[in-house]
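Asks: Kindly generate the complete structure, drawing on both the sequences and the hints.
Here the protein sequences come in this chain order: A, B and C.
According to our numbering, the first sequence is numbered sequentially starting from 1.
According to our numbering, the second sequence is numbered sequentially starting from 1.
According to our numbering, the third sequence is numbered sequentially starting from 1.
Everything labelled a hint here was simulated from the structure, so no lab data went into it.
Watch out, some of these pointers could steer you wrong.
Unchecked claim - Below are the SDA-like pairs computed for lysine to any residue, each with C-alpha atoms no more than 25 Å apart in a straight line: (1) A:K174 / C:F138; (2) A:K97 / B:W128; (3) A:K411 / A:W210; (4) C:K147 / C:L74; (5) A:K80 / C:N40.
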Amino acid sequence: MRRLVLILLSLFLVVIICAGNLPEVTLFCRAGPEAYGHRLQVEYWNKHLAQKYGFKVRIIEATRADYYTYVNNTLMAGAKTPDILESFSGFTALYGKSGLALDITDWYYDDSLFPYDRNDWLPIAMKLVTYKGRIYALPTDTNTYLLFYRKDLIPEPPKTWEELYEVAKKFTKKYNPNSPTMYGLAFYGRKSESLPMFWYQIFRSYGGTWWYDRPAFDSEPAMKALKWVVKVIREGLVPPDISTYEYMEILGALQTGQVAMAVQWDAAYPTLRDKKASPLVWDKMGVAMVPGVWTPEGIRRAHSAHDQMLVINPNSKYKKEAFIFIAWATASPEGAKIYAMAGCSPPRKSILSDPEVLKKFPRFSVKLPGLDKWGYAEPALPDYPEMKDILNTYLAKAWALEIDPETALKKANQEIYEFLRSKGYYK
Amino acid sequence: MNRKSKIWLYILAVVVVLIFNFPLVFVIVTSFKPLGEIMLPNLKFTFSPTLENYKMLFSETFPFGKYILNSITISLISTIGALAVAVPGSYGISRFGKVKKNVAFWILSIRMAPPVVFALPLFLILKWIKLIDTIPGLVMVYFTFTVPLSIWILNTFLMEIPKSVEESAMIDGATRGQILYRIIFPLLMPGIVAVFIMNFIFSWNEFFFALLMTMDRAVTITVGTARFVTGYSIYWGAICAASTISVIPMIIMTFLVQKYLVRGLTMGAIK
Amino acid sequence: MRNDRGWRFVIPSVILLGFVALFPFIFSLYISFTESTAYNIYHGKFVGLGNYISLFKDIKFWDSLRVTLLYVALSVSIEMILGFFLALLVDSLDRYQRLFMILLIIPMMIAPLVYGIIFKLLYNSIYGPIPLFFRSAFNIELQILNKPFRALLAMVIVDVFQWTSFVFLITYSALQALPKEPFEAAMIDGATYWKRVRYVLLPLIRPAFVVIMIFRLMDSFKTFDQIFVITGGGPGTATTTLSLYTYFLMFTRYNFGKAAALTVIILMVVIVITNLVFKRFFREVSAVE
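Replies: Shown next, in the form of structure tokens:
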């Protein structure tokens, strides 16, 4: 027993001694393509800039499932580390109201701390990190959904949800024994941040808006949108375990050649075009804008836009250092370019139109106009997380065919209305 | 029973053992498979063994060594700390009628309550006293189950120690404290060992509180393992390697101390 | 024996448990009457019984209660039956009983989280060995986690795989401690094996069985780790147990008030059940010993 204690003590000492001299700023991020980009940035920083600025950066990766729960717990708990956390723009309003993330507005407008071009951002990217005129984060990526399709099978990607349905049917074995793929389509199905965001795109392209005099999730466009999803699921055009589908599962379905098309975050693109990671399909992947709906004025689409963003822990010991790093990582030409070349999409116009980046990642030529013309943001309310979770629960139930679309949306809308009323949004 | 049916019984027993240990064997075997061979869409029984999964565990991005160290420290402190209060506590409860009933009931209630009941207030309290993501903080949270468990098991052991032993000592003029540490303590040793093992296992395997209350500095082996479920690709190989590492000490323990383990696992209800 | 100042020994445990268990409970009680949320944790508006009322009107609360009861009933009953027969089996072996016992209790030693992870891999519809086995052996496309009831059954199976060993262990230990005479008497009377089990053995181990059931009931009621890892409560809300629902209320919705109200209710139920169990436990335990 005594020996064990001694061994432990000495191990601790070793750890303490090895900890090094320069202060260390920790960066907490979601494992995946973004973490890969951040890791390259951190390596570059520690090699070339750490001595100049007087601090090093260490990266911690965490599981993608329930990642944001974890981030917000950390902030709410008042933990001192990590100093920088990758978060998601859906929480900007919450952070703003609660002070869970550091208000960096003053530093952002200070030229000595932010010596980069403030006009180079995609406008929507900065809008998503601002709440009531104050800035709470800097955007690393602005993501949207794209329609991934097999170029070798589908010459012209479907433009509308109805066309998508027809094409998906054509590539489902059940309806077309000659189909080279088992199912036509895949999309999000498991209750997650992304599930409502996928559905919003159908909802909004059918003409939906967030509010009438009440929340509008039981309106005509909402019904149409959910009925479309349920029809696709019920008729078996998507893998039967669709209600367990998240980022990974959609990726897997495309990689194994199980499905012909998928509506997936554009961040999946580099993985799918990587010969090693996706040996079966890497040269056959095409991307298009998310489908829409024909209106008299032409096609109407909707692109869910959200930021991956870096926030600073208000309890951190190294707040200023943290800001210097996130400014460099998101806005400096070299930092943003390292990130872009790793396959991510920093919302900097100069980077996204950089020929070298474009050559490696041609998806930006689809994504930029999509976001520019059809991008929209989620409602910016501090209570939005709970509201979204209510909707999420009922959507997931409808996805699993537990309840019919109409009941789901009526109940969801009623519950959201009562919730918002209890918070004083409605009298 | 005749010989033939005896053999059948053994065959049945072996089959049952194989079925129930299949997940464990599967995870150990998978930990030596290259990632490409785990995610194959067809059944395949041969593979080329590799250690790459284990190497990945201890790479720079995944400080698994630190998680193991955290887990060892937290489990040991929460175990020993719980014993330090539980030995006198259970002695008091078992020997003094008035205290016994109420406290024992209270302690059983804590043992029975789902951890989620304590999660929110403990989370907010730890935040308040600034112990989130620290080893002392998590140890404190683990006391919610180690202390009741210890008192409960020790109590059943104490009930077996005859009171006559103490009475004779008391006649010789020994105080309660002296009796506890000179006489009861040695007699209670098997119970203490059982409690030590149980607490260690429960703390080692705990996931829920660790998930909520640790972020960086005090991350334990279970949360560390779950972190390999990433979006890029689920590192099944690394997950299985991490699981194997966390499971091996438990299995060795099962073989070494099963006598105490049985008493501990049954909460002392059965010898 | 003098009933002298024994309470002194209990003080440290009481203080410690008071701090880590009683104080949190009081804190929960306070929060449950307020509208506490992420941006207003400690000073939420006082809403009286509002959170409790909204909980009782909440269909998802009743759903999760139903799921929990179903899960507990299924898993505990299957475990009790399997564990009992396993104990009989090992008990009737002439040699190597100890070895078989150890091998059978290994599942209990493994972290529930690890079990969850293993089964997440085993159930995977693309490369999971179980669907693969069904595909190659029976040519069936087995989708495990997409149908509500099937997913719940899959969670029950994980629980059974891990905790049957607990039932086995206690039953087996109880069998070992039984007196031999009644069996010999029954054997002389010419009773068959199953008759002896039914009329002699079962009544004798009934007390132990009650103890096991109580612990399994409470522990399977607590289940969180495996379900959280494998389905995260889905598909839809088909595997959202009370534990998971509370967790979601707290940490995805930040509705601390309502979550606290739910934990208070759970704790009340637990205390009532414990109260019933308590006297029984003491009676049965003394019977076992």
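Asks: Look at each hint and say if it fits the structure.
Replies: Right, here's what the structure says about each hint:
1. A:K174 / C:F138: Within the cut-off at roughly 19 Å; holds.
2. A:K97 / B:W128: holds, 20 Å
3. A:K411 / A:W210: holds, 16 Å
4. C:K147 / C:L74: Holds, at about 17 Å.
5. A:K80 / C:N40: Status holds; Cα separation ~20 Å.
Violated hints are absent here; each numbered hint is respected by the structure.
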